[in-house]
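For the sequence shown, this note's numbering begins at 1 and goes up steadily by one.
What the hints contain is simulated information worked out from the structure, not anything from laboratory work. Some clues are possibly wrong.
[Said to hold, decoys possible] Restricting the straight-line Cα-Cα distance to at most 30 Å, the calculated cross-link-like pairs of lysine-lysine (DSS-like) are: (1) Lys412 with Lys512; (2) Lys507 with Lys469; (3) Lys791 with Lys776; (4) Lys157 with Lys84.
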Amino acid sequence: MTAPDYSHHTPMMQQYLRIKSEHPDMLLFYRMGDFYELFFEDAERASRLLDITLTTRGATAGQPIKMAGVPYHAAEQYLARLAKLGESVAICEQLSDPKAGKGPVERGVVRIVTPGTVTDDALLDARQDAVMLALLPQGGSLALAWMTLSSGRFLAKLARRDQLASELARLGPSEILFPDDFSDPALASIQAALTRRPAWQFDAERGKRLLCEHFGLADLAAFGLEEEPPLQAVAGLLLDYARHTQRTALPHVAGLTLERDSEYVLMDAAARRTLEITETLRGEAAPTLASELDACRTALGSRLLRRWLHHPLRDRAVLRARQATLAALMETPEAGRAARDVLRGMADLERIAARVALRSARPRDLAGLRDSLQRLPALAAALTLAGATAVALTARLAFPEAPLAQLAAALKPEPGAVLREGGVIADGYDAELDALRQLQSGCGDFLMAMEARERERTGIANLRVEYNKVSGFYIEVTRAQAEKVPADYHRRQTLKNVERYLTPELKEFENKYLSAAERSLAREKLLYDALLERLAAHIPPLQTVAAAVGEADVLAGQAALALERRYVLPEFSDEWGLSIEAGRHPVVEARVDAFIPNDLALDRTRRMLLITGPNMGGKSTYMRQAAHIALMACCGLAVPARRAVIGPVDQIYTRVGSSDDLAGGRSTFMVEMTETAGILHGATEHSLILMDEIGRGTSTFDGISIAWAVARHMAEKTRAYTLFATHYFELTQLNQEFRTLANVHLDAVETPSGLTFLHAVEDGPASQSYGLQVAKLAGVPAPVIAAARRKLALLETLQVSQSGQGDLFAPVFTPPPEPAPSPALDRLAAVDPDSLTPRQALEALYELKKLM
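Could you build the full structure based on these sequences and the hints that come with them?
Rendered as structure tokens:
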């Protein structure tokens with residue numbers, strides 16, 4: 001393949017086009033002085049995405065050059081917007097001094113920003129991980145590898161092909177890499193940047209070589225990948241892609257963890273959506289389970305809490321260890337308060353460690369690191385107040401003294417925001433830097449002394465000696481006094497009312513000053529880079545400390561929340577069962593004045609609850625709170641109940657609500673049936689299943705039949721922890737056949753002022769439905785409600801012939817005689833008071849009076 005011919009372009013444009021040809025699928029930020037410029041199609045695209053001005057300037061090869069640009073000092077905010085839009089950007093910097101020679105400045109791409117590889121705080125959501133995922137289909141299975149570059153976590157697993165949607169919901173990736181010949185509807189349903197890679201790059205041999213080189217190993221047996229070629233291929237590709245974007249090694253990616261489904265309580269995409277763990281059904285960040293439970297003082301603690309909630313555990317030993325520390329903090333509130341006071345001012349150690357490893361940490365990152373590491377003894381002392389159970393946690397808070405001492409000595413108390421402007425390295429740290437700064441700091445004294453001498457020498461009383469960044473050093477006199485200047489004054493600049501001059505003495509000082517400033521900045525950069533190098537050698541203990549700080553933050557926050565909201569630590573049992581006394585919904589309870597708690601008892605004699613009751617009566621809330629309590633328990637957290645005993649749980653399933661799948665071409669009923677099929681095929685007796693209104697997406701008799709068959713299968717075959725809510729009262733007869741199925745209901749009462757929902761769970765089926773009353777509460781017009789009541793009376797006496805399903809809307813009998821007609825009552829029933837103006841209401845009143 002021949003290289004493109006750029007000879008008919010200008011030298012600068014030739015350079016741009018060569019670099020752009022190496023990054024055709026991304027925007028190129030091309031550094032020119034104080035701006036990052038974009039050209040041609042990139043300029044048009046950036047103009048649309050960022051709402052920046054598109055201009056045309058000059059021409060190359062006879063074509064006008066379209067341009068758009070952003071200031072380099074504000075580039076991060078534009079990069080953040082582009083990353084959120086799923087765009088990738090190559091950052092091309094000037095690599096040589098523009099003053100050093102002729103021709104175009106040497107330039108090169110120094111990093112690539114993609115949605116999954118961002119590490120800068122300005123580009124990241126502080127409380128959400130930016131996960132990059134690579135996947136490789138292999139027949140009916142799927143090899144997955146994912147990395148959080150801003151923390152160094154690197155994991156892999158083998159999954160079934162049909163688990164892709166569940167894995168995407170669990171991991172929430174910002175970017176997905178996959179072979180260019182692969183497609184799946186699940187990819188269209190997630191808001192992530194989709195990056196296609198050539199299929200040949202997913203090569204097991206190449207992947208193994210890359211992984212072994214990175215980790216310094218002869219094989220991958222230590223990670224459990226030696227006999228897993230698909231995982232070698234996908235993990236190797238992901239590592240190579242991350243290194244390519246960062247243009248450096250990834251020393252903070254120090255291990256690779258092989259995940260197995262048996263470690264976790266599994267949830268599919270529907271369960272995560274229904275339970276609103278980190279995102280509401282409307283796609284918002286609050287109110288969710290995570291937002292209501294997040295009492296963390298640090299961003300890294302918030303991220304850890306969200307990871308726990310999306311990865312509930314089956315290992316009771318780990319859960320009991322978390323509970324032990326949580327119990328100690330709840331029993332000694334002063335320990336938790338003291339720890340939270342210390343944590344409040346701590347920086348994001350996890351992400352700072354990653355930036356140190358990547359050599360992209362900024363001065364204020366290091367200042368935050370220094371201040372946070374200096375707080376560790378106070379945090380350890382606070383946790384020690386909780387007793388011996390916190391010892392293991394406090395032991396992980398130790399950081400070597402030598403690097404911390406050097407960090408404290410090297411940095412100013414409040415370093416400058418950016419290294420290129422100086423003011424970062426502390427005075428007294430380096431003798432050469434101190435000498436250069438001394439020369440600069442003496443500038444003011446020199447200018448004052450020279451100004452006094454020159455005034456006396458020239459007799460010009462208003463003569464001034466000054467400096468600014470544009471003009472440099474100068475002697476300024478008014479135009480009226482210009483005739484008095486000595487012969488050694490050389491004119492530098494003429495303004496409207498003043499003349500500015502330079503003398504040999506001032507020129508010599510200027511050279512020294514500017515040289516000192518330039519050398520000072522260069523010296524600071526040298527010292528700063530050396531400091532980063534020394535800190536990078538301590539990344540492993542820094543990552544250990546960051547993990548311990550995050551865990552301490554989560555547990556201290558949960559202890560405070562448990563005490564405030566009267567949560568309790570659940571008990572774990574090896575026996576089948578789920579027992580909750582006075583359980584509450586953690587999200588709803590926090591947003592209402594009074595919440596009615598309810599019990600839940602499932603055991604081997606009572607495996608399934610069939611729940612009936614009115615809409616808005618609390619059926620869905622009751623079911624979701626059971627799942628939330630089980631989920632929180634399997635994260636090692638306290639739960640909103642008076643007491644809870646949790647038996648073995650391996651999966652949580654939900655079939656709640658209605659939605660279609662337009663991208664996948666599936667109707668609401670098809671989605672409902674697909675989710676139901678997944679539950680029937682995948683659930684075990686240790687699964688927790690929530691089923692709400694199954695069968696309502698089709699005709700009445702079809703819906704009843706499907707709901708009855710599904711409920712029967714669950715009672716007879718699945719025998720899981722099952723909460724089955726329905727409006728089909730016919731299903732309440734199933735408990736006569738299956739004694740492990742119990743009927744419960746939530747009731748409501750009608751009062752003169754309207755319908756009151758009791759929200760209390762009682763044994764037995766509901767006695768009646770309150771659909772019309774709920775419709776009235778919702779504001780359905782009165783004439784519609786009246787018509788519905790008449791039709792309901794008709795339907796309740798409808799008889800279905802044995803030959804098939806009757807027409808619910810065709811009367812097949814002679815209705816009983818209606819009361820004598822009353823024009824006044826008919827007219828009154830037709831009046832909708834909410835839709836009348838005062839004048840119309842008065843006219844209606846006179847009309848009724850005439851009809852009486």
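Hint by hint, here is what the structure shows:
1. Lys412 with Lys512: 25 Å, holds
2. Lys507 with Lys469: 15 Å, holds
3. Lys791 with Lys776: 16 Å, holds
4. Lys157 with Lys84: 27 Å, holds
The structure fails none of the hints (numbered hints given earlier).
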